[in-house]
Structure formats: C-alpha cells, structure tokens
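Novice: Those protein sequence lines, which keep their order, are chains A and B.
Its first residue numbered 1, the first sequence is counted upward by one per residue in my numbering.
Its first residue numbered 1, the second sequence is counted upward by one per residue in my numbering.
What the hints contain is simulated information worked out from the structure, not anything from laboratory work.
Worth double-checking, as some hints may not be accurate.
Claimed, not checked - Below, a list of computed lysine to aspartate or glutamate pairs in the DMTMM-like style, where the Cα atoms sit at most 20 Å apart:
no., chain 1, residue 1, chain 2, residue 2
1, A, K290, A, E279
2, A, K15, B, D268
3, A, K286, B, D168
4, A, K286, B, D169
5, B, K131, A, E279
6, A, K286, A, E273
7, A, K286, B, E163
8, A, K161, B, E163
9, A, K209, A, D103
10, A, K252, A, E279
11, A, K209, A, D12
12, A, K67, B, D270
13, B, K131, B, D169
14, B, K189, B, D113
15, A, K15, B, D262
16, A, K11, A, E208
17, A, K67, B, D268
18, B, K162, A, E279
19, B, K234, A, D232
20, A, K241, A, E279
21, A, K11, B, E281
22, B, K241, B, E281
23, A, K8, A, E211
24, B, K234, B, D268
25, B, K131, A, D232
26, A, K11, B, D262
27, A, K241, A, D202
28, A, K11, B, D244
29, A, K241, B, E281
30, A, K252, A, D303
31, A, K15, B, D244
32, A, K241, A, E273
33, A, K15, B, E281
34, A, K188, A, D256
35, A, K8, B, D244
Stated by the list, open to error - Pulled a few chain B residues facing chain A out of the computed Cβ check, cut under 7 Å:
no., residue
36, N28
37, R44
38, G45
39, T219
40, R225
Since we're looking at a predicted model, the values are computed, not measured.
In this text, a Cβ means the ideal position worked out from N, Cα and C, and glycines have one as well.
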Amino acid sequence: MSTATKFKTLKDIPKEEYIAPGNTMCAGCGGILAVRIFHKALGPNVAWVNAAGCMTISVSYPLSPLKSNWLYTAFASAPAGAQGIRDALDVLMAKGKLQKSEDLKVVVVTGDGAAYDIGFQSTAGAIQRDLDFYYLCYDNEAYGNTGFQMSSSTPYASSSKTTPVTAAYPYGNTGRKKDLFEAWRAMKAPYVATLSNSHGVDFLRKVEKGEGIRGPKLYIDFAACPTGWGFDPKYSIEVEKLAVQTGVWPLKESVDGVVRHTYVPRALTPVREYLRTQERYGHLFKPVEKPEAIATIQRSVNDYWAKVAAEESTQATPAPA
Amino acid sequence: MILRVRFHGRGGQGAKTASRILGNAAFNDGYNAQDFPIYGAERRGAPVTAFTRFSESEITERGFIFSPDVVAVMDDSLTADPTASPFAGLRKGGLAIVNTAKPAAEVNGGRTDIAVLTLDLTRRALDTLGKAVLSSGIAAAVARASGITSEAFMRGLVEELKEVGLSDDAISKNVALATAIYDVVSPIKLHTEELPARADLVPLAVVVSGEGTEDVVNTGNSASRHTGNWRITKPVIDYLKCTDCMICYAYCPESAMSAGPDGRIAIDYDNCKGCMICQTECPLRAIGSQMEGLQ
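Please take these sequences and the hints and turn them into a complete structure.
Specialist: What follows is the structure in structure tokens.
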C-alpha cells in the first residue's frame with residue numbers, strides 16, 4: 001500500500017483486547033481470530049450485526065466475550081440490521097442527541113453460509129443503497145456451525161456432510177466455489193478485500209484502508225476450521241499460509257472496481273501440499289491418490305494466476321498440473 | 001428393566017459416538033435401544049452430552065435423560081463444571097464411570113450414595129490410538145458393566161466406526177483398545193431407586209451474580225467460563241528463548257496471551273484452550289508443550 005500505515009510489522013497489532021477470553025468457539029478457530037484482529041484494527045467503537053453461524057454461539061447467555069455492541073438478526077438479514085443501526089446513529093447525531101465522538105462503526109459479521117447463500121440478497125440491497133458499513137465474512141467454506149454441510153463457498157472436491165464421498169461422487173463436492181469477491185465487486189462496492197489471518201499485516205492494513213472509504217466495505221477472511229476441515233488446531237495458521245502460497249486463496253483488494261493483488265507468491269506451491277493437510281480432501285489421497293482431481297484444482301489455480309499476470313503486470317510461476 | 005445411560009464428554013472426545021456404539025451393542029444383544037446426543041452448541045472442547053436407553057421390553061420414554069442409572073464422565077474436569085453437572089439426577093444406587101487418573105473420592109461429585117468406577121482412559125487412548133478419542137473405551141466400560149456380551153459389543157463397535165468412516169487400521173486399533181478395557185471391567189448389578197412421579201423436573205442452575213447476569217452492560221464476562229479446562233496439551237513459554245516478538249500474541253484466537261507486568265508475554269491458563277497455534281508459529285521454538293494432568 002502506498003499511503004502511510006500504522007502497521008509495518010505484526011508487532012504493531014493494537015494491544016487492546018475487545019474479545020475477552022473464554023469464548024465458546026473450537027480451539028484453533030480461524031473465525032474468532034478474524035473477529036479479534038478486525039476489532040483491534042477498528043478500535044472500540046463498533047456495533048456488530050450478526051446472522052446465524054458459529055459466531056452467534058460466541059455470545060451465549062449469560063456470558064459474552066464482546067466488549068462492544070452486538071445485534072443478532074435472522075439468517076438472511078444482517079445487512080438490513082446494519083442499515084437500521086446506521087440510520088439510527090445518523091438520525092441521533094443529526095438531532096444532536098449523540099456526539100460525533102460516540103458514533104459507531106457498523107460491522108456485519110457472518111460466515112460464508114450467510115454471505116454467499118442466505119444473506120446474499122440483503123447484502124446486494126445494502127450495497128445498492130450505498131450503506132456505510134463493513135462486512136466481515138469469516139469463510140470456512142461450509143455451514144460449520146451445524147456440522148459442515150456444503151455452502152456455495154465449498155470448493156470443488158471438498159467432502160462435506162451433504163457432499164460425502166460415494167461411489168457415484170468419488171471426489172465429494174462437484175460444484176465450484178462461488179467467487180464472492182467478484183460478485184460484490186460487480187455490484188460496485190467501493191472496497192472489497194480478501195484477508196487471511198496468516199498474513200496479519202496485510203489484514204490490518206486493509207481494515208485501515210477501509211476506514212478511509214465511505215460506503216460498503218466488504219471483507220472475506222479465509223478462516224481455517226480445524227473441526228470441519230479435519231486438521232490439528234495447532235496448524236490453523238499454517239493451513240491458511242499454505243492456501244495463500246499455493247494461490248488457492250489470493251490476497252487482493254478492489255478500490256472502486258480496480259483490482260490489485262496485495263501479495264503475489266513468487267512461485268506457487270503445488271496445491272497438493274495444501275490439500276493433503278486436511279481430512280475434507282482425504283479421499284484425494286486415500287486409499288489411492290486421485291491425480292486427475294488434484295490436477296483439475298491445480299489447473300484452475302494456474303488459470304487464475306495467468307489471468308492475474310495478464311491483467312496486472314505481476315507474475316506467479318505456475319506449479320505443474 | 002430399562003437402563004438409562006448419560007455420557008458427558010468434551011466435544012471431540014467422542015461422547016456421541018460412544019452413545020451410538022452402546023446403542024448398537026445393546027440392540028445386537030437383543031435389547032430395544034435408543035441413542036441420541038443433545039444437538040446444541042457443541043464445540044471441540046465444550047461440554048457435550050449424549051444418551052443411550054436400552055431395555056428388554058418396549059421403551060416408552062423419550063427425550064433427554066434427567067435421571068440416569070449410569071453416567072459416563074469422559075473428562076474429570078467436568079465433575080466440577082456447573083454447565084455439565086454430570087451427577088445431576090443420577091439415581092441413588094447408580095453408577096458413575098469416570099475417566100480419570102485421580103482416586104474415586106475426588107471425582108464422585110460429592111455423592112456417597114452411588115458406585116464410582118475410575119479408569120485412566122485418556123492414557124490408554126493416547127497409547128493405543130495416539131489421540132485422546134475415548135468413544136470406544138468408554139462405550140466398552142459401560143457395555144461390560146451393564147452385562148452386554150462381548151460379541152454383541154464388538155459388532156456394534158465396528159458397525160459404528162465404519163459408519164463414522166474410520167479406516168480399517170484405525171478400527172482395529174479401536175477394537176484393541178476396547179477389548180483391553182472390556183476385559184478389566186466387571187459386570188455390575190445395579191439397584192437404582194425408582195423415582196416418584198414428576199422427578200423428571202430438573203432444577204435450573206443458579207446464575208452467579210457478577211459472573212453472568214441479564215445486564216447487557218456486563219460485557220466481556222466470558223472470561224469466567226474458564227475454557228482452560230478444555231485443554232489437553234498446555235503451551236509453556238521458555239523465557240530464555242522468547243524475545244517477545246508478539247507473533248504468538250497476534251495469532252492467539254483466545255485472546256489468552258498478554259504482556260505481563262514485567263513486559264514479558266504471558267499465557268492466561270484459565271482460558272487457553274490448548275490449540276497450540278502459538279507453539280507452531282513461534283519462530284524461535286520458545287514454546288513447548290506439556291500434557292495436562294502429567295508433570
């Protein structure tokens with residue numbers, strides 16, 4: 001990023017904690033880590049608006065890890081809830097009943113189930129109305145809270161509760177992951193970014209950058225899910241790092257529709273190295289390796305980065321398919 | 001006669017699978033059987049409850065078991081956890097099977113009117129399976145104590161583990177573990193009390209004032225939940241190697257790392273769940289691990 005930033009190294013991460021210890025997420029949860037870092041970057045004055053998902057359970061009566069505000073809405077309507085809060089704050093400030101210093105940043109936080117599927121329409125509505133809000137999607141690529149059923153974010157060849165590996169479907173999920181970044185960008189949101197907890201400085205800078213932009217600011221965080229994806233929680237950050245280094249999860253942003261990749265792997269690590277870390281892809285390696293499915297995934301990653309190279313003069317050397 | 005078994009575990013230990021293995025085993029042995037978990041906010045490490053009922057005659061009871069004849073406690077930290085309350089409603093004369101290395105008197109929940117059987121299942125599971133998954137072990141203990149035949153149990157075990165999708169290798173390790181435990185437990189004849197009418201009503205846990213209240217201003221109070229007792233392995237900082245680079249701090253999903261009064265990074269063991277991300281990410285290998293309960 002060209003402009004001045006508070007965040008030069010990971011050591012610059014703000015030290016205030018807005019998420020208290022003792023939350024009820026699984027050990028090693030990438031979702032709650034994303035919320036924690038996002039909150040640190042935004043500071044204390046935040047109103048979260050949540051739709052059904054894992055994070056909903058983090059606030060379970062009578063205990064809450066949040067030191068800020070929280071509104072829980074129906075699954076489909078978190079951005080509508082955000083509109084209500086934003087309007088109320090604006091009206092109160094216009095009437096002089098609320099000081100400008102008491103204003104809150106309104107942040108929708110949902111999983112991929114709400115962002116990609118069930119709340120897609122209300123998000124589209126909020127973007128179209130140019131609502132001044134943040135959207136943080138912690139994307140664990142399935143309905144993790146209910147036992148890992150497929151969402152439209154579930155990638156090709158991932159197994160899930162609803163796309164199990166069977167004789168008829170030896171690769172699990174036959175669908176492809178929806179490109180939510182492009183969908184949001186196509187709706188003319190002024191700022192859209194992808195995040196990975198493993199790239200903390202990039203994460204913090206993107207939230208910082210969003211603060212200077214009025215209107216919908218949308219973030220998709222790659223949130224490793226030890227329980228759903230099937231790996232030891234101690235590898236949460238490693239799995240996210242691998243997703244970035246293999247090119248499976250590109251780190252990028254779009255400012256007024258202009259896309260820039262904020263991190264380009266010099267040479268892509270083969271996707272195989274990423275896939276083999278997780279039980280949800282276990283069938284691609286056991287009982288025998290399925291090279292054709294792995295090659296399909298490698299090709300789609302290579303194609304993506306070839307397109308990036310053509311569009312932005314950056315070059316990532318493809319890995320063999 | 002009907003036998004009501006309630007399993008208390010932590011998410012990931014296999015309470016639900018244990019209840020299913022026992023249900024299969026009882027069915028294979030000619031009983032009518034039910035098994036089911038509570039579908040709530042289960043989390044790896046969070047208290048989880050599952051149930052099995054079996055009976056020679058038709059079972060007309062439905063729903064959660066509030067007055068079990070047997071409780072199987074898969075983690076001894078649950079005995080003092082008010083959100084789990086594993087001994088709640090356990091009938092007089094009933095049996096508690098507790099996975100622990102401690103003596104029975106320390107894990108009986110203060111109950112002197114029940115029988116307590118202790119087994120160090122975690123150690124056995126780690127030795128045999130390489131991980132602390134206890135479903136096969138605890139199911140074997142309950143099945144043997146309640147007199148289910150070895151043949152019916154083993155068949156039920158393999159059926160369930162196949163359905164869960166375990167590899168043949170993992171199944172044979174589980175069978176070895178279950179056999180070892182089945183062989184050290186003896187059948188126990190229970191004489192649990194009959195209950196008066198409406199004994200199924202459960203008293204609600206008291207909300208401790210100041211820890212949890214309906215007051216929405218009471219923010220950030222989850223620290224009183226003490227998720228530290230979810231932990232199986234414990235990260236330990238070697239301060240001779242640590243340079244306070246803050247990488248572990250940045251990546252801790254629990255907000256359980258903080259700079260101590262001396263400016264050094266410190267771990268909040270009351271709430272650290274033991275995910276061990278800090279150990280993996282430490283560039284100086286300054287964080288080691290210890291098994292909980294061992295020195």
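Novice: Please go over all the hints and tell whether each is borne out by the structure.
Specialist: Now the hints, each set against the structure:
1. The hinted pair formed by K290(A) and E279(A) meets the criterion: a straight-line CA distance of about 15 Å does not exceed 20 Å.
2. Between K15(A) and D268(B), the direct Cα distance comes to roughly 15 Å. Compliance with the 20 Å bound is thereby established for this hinted pair.
3. This hinted pair checks out: K286(A) and D168(B) have alpha carbons roughly 12 Å apart, not beyond 20 Å.
4. Taking the CA atoms of K286(A) and D169(B), the gap is near 13 Å; set against the 20 Å cutoff, the hint holds.
5. Under the criterion of a C-alpha separation no larger than 20 Å, the hint pairing K131(B) with E279(A) is consistent with the structure, at around 16 Å.
6. Under the criterion of a C-alpha separation no larger than 20 Å, the hint pairing K286(A) with E273(A) is consistent with the structure, at around 15 Å.
7. A threshold of 20 Å between alpha carbons decides the hint, and for K286(A) with E163(B) the separation of about 17 Å falls inside it, so the pair holds.
8. Between the alpha carbons of K161(A) and E163(B) the distance comes to roughly 13 Å, so the proposed pair stays at or under 20 Å and holds.
9. With a CA separation close to 19 Å, the supplied pair K209(A) and D103(A) stays within the 20 Å bound.
10. Restraint check: the Cα-Cα separation between K252(A) and E279(A) comes to about 27 Å, which exceeds 20 Å; the hinted pair is violated.
11. This hinted pair checks out: K209(A) and D12(A) have alpha carbons roughly 16 Å apart, not beyond 20 Å.
12. Between K67(A) and D270(B) the CA atoms are separated by roughly 19 Å; this keeps the pair inside 20 Å, and the hint holds.
13. Between K131(B) and D169(B), the direct Cα distance comes to roughly 14 Å. Compliance with the 20 Å bound is thereby established for this hinted pair.
14. Distance check on the hinted pair: K189(B) and D113(B) sit about 15 Å apart at the alpha-carbon level, within 20 Å; holds.
15. Using a Cα cut-off of 20 Å, the hinted pair K15(A) and D262(B) holds, with the two alpha carbons roughly 15 Å apart.
16. The straight-line distance between the Cα atoms of K11(A) and E208(A) is roughly 16 Å, inside the 20 Å bound, and the hint therefore holds.
17. As the CA atoms of K67(A) and D268(B) are separated by approximately 18 Å, the hinted pair is consistent with the 20 Å bound.
18. For the given pair, K162(B) sits about 16 Å from E279(A) by alpha-carbon distance, which is consistent with the 20 Å threshold.
19. Pair hint K234(B) plus D232(A) holds up; C-alpha atoms about 14 Å apart against a cutoff of 20 Å.
20. Among the hinted pairs, K241(A) with E279(A) is consistent with the structure: their alpha-carbon atoms are about 17 Å apart, no more than 20 Å.
21. Only pairs whose Cα atoms come within 20 Å are accepted, and K11(A) paired with E281(B) is accepted, the gap being roughly 14 Å.
22. Distance restraint check for K241(B) and E281(B): the Cα-Cα separation of roughly 14 Å lies within the 20 Å cut-off, and the hinted pair is therefore satisfied.
23. Restraint check: the Cα-Cα separation between K8(A) and E211(A) comes to about 17 Å, which is no more than 20 Å; the hinted pair holds.
24. Between the alpha carbons of K234(B) and D268(B) the distance comes to roughly 11 Å, so the proposed pair stays at or under 20 Å and holds.
25. For the proposed pair K131(B) and D232(A), the alpha carbon gap of about 11 Å is at most 20 Å, so the pair holds.
26. Taken as a hint, the K11(A) and D262(B) pair is honoured in the structure, with Cα atoms around 18 Å apart against an allowance of 20 Å.
27. The suggested pairing of K241(A) with D202(A) holds, with an alpha-carbon distance near 13 Å, which does not exceed 20 Å.
28. Distance restraint check for K11(A) and D244(B): the Cα-Cα separation of roughly 9 Å lies within the 20 Å cut-off, and the hinted pair is therefore satisfied.
29. For the given pair, K241(A) sits about 11 Å from E281(B) by alpha-carbon distance, which is consistent with the 20 Å threshold.
30. A threshold of 20 Å between alpha carbons decides the hint, and for K252(A) with D303(A) the separation of about 16 Å falls inside it, so the pair holds.
31. For the proposed pair K15(A) and D244(B), the alpha carbon gap of about 13 Å is at most 20 Å, so the pair holds.
32. Distance hint between K241(A) and E273(A) is fulfilled; the C-alpha atoms sit about 11 Å from each other, no more than 20 Å.
33. Of the supplied pair hints, the one linking K15(A) and E281(B) holds, its CA atoms being roughly 19 Å apart against a limit of 20 Å.
34. The suggested pairing of K188(A) with D256(A) holds, with an alpha-carbon distance near 7 Å, which does not exceed 20 Å.
35. Of the pairs offered as hints, the one joining K8(A) and D244(B) holds, with about 17 Å between alpha carbons and a cut-off of 20 Å not exceeded.
36. About 25 Å separates the beta-carbon of N28(B) from the nearest beta-carbon of chain A, more than 7 Å, and the hint is not met.
37. Interface hint status for R44(B): upheld, as the beta-carbon distance to the closest one in chain A is roughly 4 Å, under 7 Å.
38. Below 7 Å, beta-carbon pairs count as interface contacts, and G45(B) has one with chain A at about 5 Å; its hint therefore holds.
39. A cut of 7 Å between beta carbons decides the hint on T219(B): the least distance to chain A is about 5 Å, and the hint holds.
40. The closest approach between the C-beta of R225(B) and any C-beta of chain A is roughly 4 Å, which is under the 7 Å cut-off, so the hint is satisfied.
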